[in-house]
Amino acid sequence: MDFLFQFAALFSAITWASSGAILKTIKFNKYFSFPFFEACISFVIMIIVILLWGEWNSILNENFDSYLFFSIAAFISCVGTVSYVIGIQKTSIGVVFTIASSSNVLVALLFDIFLNSVRHSALVLLGAFLVLSGILLMNIKSFTSHEKQRIIGVLGGILAGSMWGIAVFFNDRALIDGSVLNGTLIRAIVSMITLTLASYIFRQKIERIIERIQFIKILSAGSLITISSLFWFISLDYTSGSLTAMFGSTSPIFAIIFGYFFLKEKIYKLEYLSILLAFVGIMIIIFFKS
1 MDFLFQFAAL FSAITWASSG AILKTIKFNK YFSFPFFEAC ISFVIMIIVI
51 LLWGEWNSIL NENFDSYLFF SIAAFISCVG TVSYVIGIQK TSIGVVFTIA
101 SSSNVLVALL FDIFLNSVRH SALVLLGAFL VLSGILLMNI KSFTSHEKQR
151 IIGVLGGILA GSMWGIAVFF NDRALIDGSV LNGTLIRAIV SMITLTLASY
201 IFRQKIERII ERIQFIKILS AGSLITISSL FWFISLDYTS GSLTAMFGST
251 SPIFAIIFGY FFLKEKIYKL EYLSILLAFV GIMIIIFFKS
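Note that my numbering gives residue 62 to position 62 of the sequence shown, counting from 1, and the numbers run on in steps of one.
Hints are computed from structural coordinates only; laboratory data are not their basis.
Here the structure is a predicted model, which is why all the values come from computation and not from measurement.
Every residue gets a Cβ at the ideal spot worked out from N, C-alpha and C, and that includes glycine.
Errors might be hidden in some of the hints.
With a cut-off of at most 25 Å between alpha-carbon atoms, the simulated PhoX-like pairs for lysine-lysine come out as follows [stated by the list, open to error]: (1) K24 / K217; (2) K27 / K289; (3) K264 / K217; (4) K27 / K217; (5) K205 / K90; (6) K27 / K269; (7) K24 / K90; (8) K24 / K289; (9) K205 / K289; (10) K141 / K289; (11) K24 / K266; (12) K217 / K30; (13) K141 / K24; (14) K141 / K266; (15) K90 / K264; (16) K141 / K217; (17) K205 / K266; (18) K27 / K90; (19) K27 / K205; (20) K264 / K141; (21) K30 / K269; (22) K269 / K24; (23) K217 / K205.
Simulated DEER-style distance windows between Cβ atoms [as the list claims (entries may be wrong)]: (24) L126 / I267: 21 to 27 Å; (25) K30 / S220: 18 to 24 Å; (26) I152 / S121: 35 to 41 Å; (27) I152 / R208: 27 to 33 Å; (28) S117 / I267: 37 to 43 Å; (29) S58 / F5: 15 to 21 Å; (30) I26 / F64: 35 to 41 Å; (31) L68 / I26: 31 to 37 Å.
Given only the sequences and the hints, what does the whole structure look like? Please build it.
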């Protein structure tokens, strides 16, 4: 079972991509609306899970450092999300996501090497390179379009990925004595507070949910992201931050696959190649990780 837990970030990527397939059918006018709703849904789900499992005592008695590191990680991750939202307002989402994914893996890898003394084999690094190459190839049209890429959008992608990579480090530290349930709960609480403040600062007021079908879709997508977050924390608890980031960065590849099967979206030749590269990279990482 421990062996499977090491690859929980792959299941995290799959559930994250599943939520994306649902989100594509929902129209939001304000960028912070869904992240806020997701945080609220995650909070409610985690409260229910903790009550059912009777984990309140262990959570309330956790080490103070765990609370501190989880909170810092959640805040930094939210800063990354805000940067990502600003970035996609200024330039192509494909460009921003590619840069953010690459920055996330790179920063997590640097923290592992220099602060956690983690060393990966050349083959594992090759696998990570193939995964990121697949993501780049998938979004290559965004980079080669004639539309001039705005520097703010590019910087938003770099900052988002870097913040997420730094958050990986603090979550990794928190999980030394902390629990996965506590990490997911704190992420939800800090996200609600940070996104509420961000919505007022950037004048992106949270929208109201009026239609029943919209509520069901938001609830479904938010629940999937909560599950994704749990898988991500489980993976980080059993393996290094950089490996978790590598596996987690595969979510857009799974998003293409889900889009093809459930949304009837076309897959082009470059996307077939990007999927192949990513899966080859994943298999290399799985077989040759230390």
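Here is how each hint holds up against the structure:
1. Taking the CA atoms of K24 and K217, the gap is near 10 Å; set against the 25 Å cutoff, the hint holds.
2. Of the pairs offered as hints, the one joining K27 and K289 is violated, with about 41 Å between alpha carbons and a cut-off of 25 Å exceeded.
3. Taking the CA atoms of K264 and K217, the gap is about 18 Å. The hint holds against a cut of 25 Å.
4. For the given pair, K27 sits about 11 Å from K217 by alpha-carbon distance, which is consistent with the 25 Å threshold.
5. This hinted pair checks out: K205 and K90 have alpha carbons roughly 19 Å apart, not beyond 25 Å.
6. Between K27 and K269 the alpha-carbon distance is near 29 Å, which puts this suggested pair outside the 25 Å criterion.
7. Between K24 and K90 the CA atoms are separated by roughly 20 Å; this keeps the pair inside 25 Å, and the hint holds.
8. The straight-line distance between the Cα atoms of K24 and K289 is roughly 35 Å, outside the 25 Å bound, and the hint therefore fails.
9. Pair hint K205 plus K289 does not hold up; C-alpha atoms about 45 Å apart against a cutoff of 25 Å.
10. Straight-line distance between C-alpha atoms of K141 and K289 comes to about 32 Å, which puts the hinted pair past the 25 Å bound.
11. Of the pairs offered as hints, the one joining K24 and K266 holds, with about 15 Å between alpha carbons and a cut-off of 25 Å not exceeded.
12. Only pairs whose Cα atoms come within 25 Å are accepted, and K217 paired with K30 is accepted, the gap being roughly 17 Å.
13. A threshold of 25 Å between alpha carbons decides the hint, and for K141 with K24 the separation of about 20 Å falls inside it, so the pair holds.
14. Taking the CA atoms of K141 and K266, the gap is near 15 Å; set against the 25 Å cutoff, the hint holds.
15. Taken as a hint, the K90 and K264 pair is broken in the structure, with Cα atoms around 28 Å apart against an allowance of 25 Å.
16. Our distance criterion of 25 Å between C-alpha atoms is broken by K141 and K217, whose separation comes to about 30 Å.
17. The hinted pair formed by K205 and K266 fails the criterion: a straight-line CA distance of about 34 Å is larger than 25 Å.
18. Of the supplied pair hints, the one linking K27 and K90 holds, its CA atoms being roughly 19 Å apart against a limit of 25 Å.
19. With a CA separation close to 15 Å, the supplied pair K27 and K205 stays within the 25 Å bound.
20. At roughly 21 Å between alpha-carbon atoms, K264 and K141 fall within 25 Å of each other, so this suggested pair holds.
21. Pair hint K30 plus K269 does not hold up; C-alpha atoms about 34 Å apart against a cutoff of 25 Å.
22. Distance check on the hinted pair: K269 and K24 sit about 22 Å apart at the alpha-carbon level, within 25 Å; holds.
23. With a C-alpha separation of about 20 Å, the suggested pair K217 and K205 falls inside the 25 Å cut-off, and the hint holds.
24. A hinted range of 21 to 27 Å holds for the C-beta pair L126 and I267, which are about 25 Å apart.
25. Separation of K30 from S220 is about 20 Å and conforms to the stated range, judged on CB atoms against 18 to 24 Å.
26. The beta-carbon spacing between I152 and S121, approximately 38 Å, falls within the hinted interval of 35 to 41 Å.
27. At roughly 30 Å, the beta carbons of I152 and R208 sit within the given window of 27 to 33 Å.
28. Against the hinted window of 37 to 43 Å, the Cβ-Cβ separation of S117 and I267 comes to about 41 Å, which satisfies the hint.
29. Between S58 and F5 the Cβ separation comes to about 19 Å, which falls inside the hinted range of 15 to 21 Å.
30. The hinted window of 35 to 41 Å between I26 and F64 holds, with their beta carbons roughly 39 Å apart.
31. Hint check: L68 to I26, Cβ distance near 35 Å, so the stated range 31 to 37 Å holds.
Hints 2, 6, 8, 9, 10, 15, 16, 17 and 21, counting from the list given before, are not met by this structure.
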